[in-house]
Amino acid sequence: MTMVEAATVAEATGIPTTNMISIVMFSGTADKFIPLGVLAQAGAAMGMDVEVFVTGFALMAFTKQPKEPQFPAEFAAMAPALMQGMQANNVASWDTMLRQAKELGAKVHVCSMMSGVMGLKLEDYNDLVDDVVGAATFLETARGGETFFI
Amino acid sequence: MTMVEAATVAEATGIPTTNMISIVMFSGTADKFIPLGVLAQAGAAMGMDVEVFVTGFALMAFTKQPKEPQFPAEFAAMAPALMQGMQANNVASWDTMLRQAKELGAKVHVCSMMSGVMGLKLEDYNDLVDDVVGAATFLETARGGETFFI
Amino acid sequence: MTMVEAATVAEATGIPTTNMISIVMFSGTADKFIPLGVLAQAGAAMGMDVEVFVTGFALMAFTKQPKEPQFPAEFAAMAPALMQGMQANNVASWDTMLRQAKELGAKVHVCSMMSGVMGLKLEDYNDLVDDVVGAATFLETARGGETFFI
Numbered sequence: 110m111t112m113v114e115a116a117t118v119a120e121a122t123g124i125p126t127t128n129m130i131s132i133v134m135f136s137g138t139a140d141k142f143i144p145l146g147v148l149a150q151a152g153a154a155m156g157m158d159v160e161v162f163v164t165g166f167a168l169m170a171f172t173k174q175p176k177e178p179q180f181p182a183e184f185a186a187m188a189p190a191l192m193q194g195m196q197a198n199n200v201a202s203w204d205t206m207l208r209q210a211k212e213l214g215a216k217v218h219v220c221s222m223m224s225g226v227m228g229l230k231l232e233d234y235n236d237l238v239d240d241v242v243g244a245a246t247f248l249e250t251a252r253g254g255e256t257f258f259i
Numbered sequence: 110m111t112m113v114e115a116a117t118v119a120e121a122t123g124i125p126t127t128n129m130i131s132i133v134m135f136s137g138t139a140d141k142f143i144p145l146g147v148l149a150q151a152g153a154a155m156g157m158d159v160e161v162f163v164t165g166f167a168l169m170a171f172t173k174q175p176k177e178p179q180f181p182a183e184f185a186a187m188a189p190a191l192m193q194g195m196q197a198n199n200v201a202s203w204d205t206m207l208r209q210a211k212e213l214g215a216k217v218h219v220c221s222m223m224s225g226v227m228g229l230k231l232e233d234y235n236d237l238v239d240d241v242v243g244a245a246t247f248l249e250t251a252r253g254g255e256t257f258f259i
Numbered sequence: 110m111t112m113v114e115a116a117t118v119a120e121a122t123g124i125p126t127t128n129m130i131s132i133v134m135f136s137g138t139a140d141k142f143i144p145l146g147v148l149a150q151a152g153a154a155m156g157m158d159v160e161v162f163v164t165g166f167a168l169m170a171f172t173k174q175p176k177e178p179q180f181p182a183e184f185a186a187m188a189p190a191l192m193q194g195m196q197a198n199n200v201a202s203w204d205t206m207l208r209q210a211k212e213l214g215a216k217v218h219v220c221s222m223m224s225g226v227m228g229l230k231l232e233d234y235n236d237l238v239d240d241v242v243g244a245a246t247f248l249e250t251a252r253g254g255e256t257f258f259i
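Chains as they are written, first to last, in this note's numbering: chain A, 110 to 259; chain B, 110 to 259; chain C, 110 to 259.
Please keep in mind that the hints were generated in silico from the structure rather than gathered at the bench. If a hint is listed, it holds; no wrong ones were tucked in.
Repeated chains share a single entry, so a pair holds when one copy, or any two copies, can fit it.
List time: in silico DMTMM-like cross-link candidates among lysine to aspartate or glutamate, alpha-carbon distance up to 25 Å:
id, residue 1, residue 2
1, K211, E249
2, K216, E249
3, K176, E232
4, K216, E232
Computed from a predicted structure; not experimentally measured.
Build out the structure end to end from the sequences listed, making use of the hints.
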């Protein structure tokens with residue numbers, strides 16, 4: 110939906126429509142990276158602005174030597190079937206999906222506060238990361254869009 | 110709030126109002142199903158459009174032979190008191206609340222990608238499920254509403 | 110952004126802008142309280158309305174004898190480094206950030222249903238809590254704002 114179309118729909122219905130999704134990527138378990146990839150890729154493919162703000166333990170998956178995220182203990186028994194099913198269905202990995210989203214314009218911001226806490230600088234992050242920003246900058250960017258706290 | 114009322118408020122204040130909530134039900138631990146039921150039921154009772162998109166490990170609670178979700182390890186010790194308190198307060202189970210929401214118009218969509226990964230087809234799901242859709246369809250539906258990623 | 114500015118931007122672009130964030134604080138693990146404090150404090154400092162709805166196991170951190178939240182098992186090994194990094198960077202504790210947000214107008218509501226289930230009344234909560242409300246009241250308040258389910 111273009112901005113003009115959004116304006117037309119909003120005017121006709123009074124129900125606002127938006128063309129942005131913002132994702133706070135906080136949880137660092139392996140399962141949560143799948144919806145990050147899927148939502149970012151689907152949103153970007155639909156022409157939406159996609160803004161990702163990475164913070165918390167999820168930061169560790171965006172460094173040059175990323176930590177392999179672990180599945181939560183409650184679902185560890187189901188993880189092998191999930192991973193096999195994803196391979197059998199040719200589902201791309203979360204970082205491949207996020208790279209596709211970025212080629213379509215998605216932006217990945219990393220939390221400045223949490224970077225400081227973890228002793229990480231912009232040069233410590235891999236090519237998925239666009240910049241290091243504060244929470245206020247992210248909230249300003251996210252105004253009016255759908256938000257997903259993952 | 111009707112669409113006309115929403116339009117009036119939006120016009121008067123410049124602050125958009127919406128009449129839709131969309132819930133991505135991803136986490137599969139037992140505690141997270143309670144806010145799914147509560148938000149869906151409350152939203153539907155208020156006359157809001159309620160759109161639920163079930164994915165991840167949460168899918169397994171919507172099959173014809175559903176898996177009983179487990180409480181997270183961190184809160185396992187508190188789970189019995191919680192369950193007793195819910196019974197003592199006559200709080201409906203999450204699926205009863207979701208059924209009430211559906212009687213008021215809520216829709217429950219299941220993620221096509223994750224269904225494929227888990228080897229599940231529409232006929233494998235129980236009567237809580239309306240259809241199997243992709244993430245893009247869900248994002249299109251969710252535009253302009255409040256979103257909750259549970 | 111003032112309401113007038115929001116109206117101007119909305120009119121010019123058709124993309125709604127909002128001046129409210131609402132946070133459902135459900136998860137009760139220690140890590141999740143950090144984004145509660147950060148988002149509430151940043152939003153309030155930006156002049157946004159900040160509405161927090163506390164429910165689930167997170168309730169136990171808002172009582173007069175609050176339970177110390179635990180880190181999730183998957184990240185327990187990283188917790189000491191996180192806590193040391195927060196001290197070294199002079200990052201305020203989550204409740205200090207939430208108090209700063211409240212001084213700027215943020216409101217903290219506690220879920221009436223979950224309070225009943227846990228046998229808690231308004232007088233059992235500490236000074237962080239403004240009132241005890243139902244989910245419908247919260248959804249009504251949250252209309253049109255960005256929502257974060259933590």
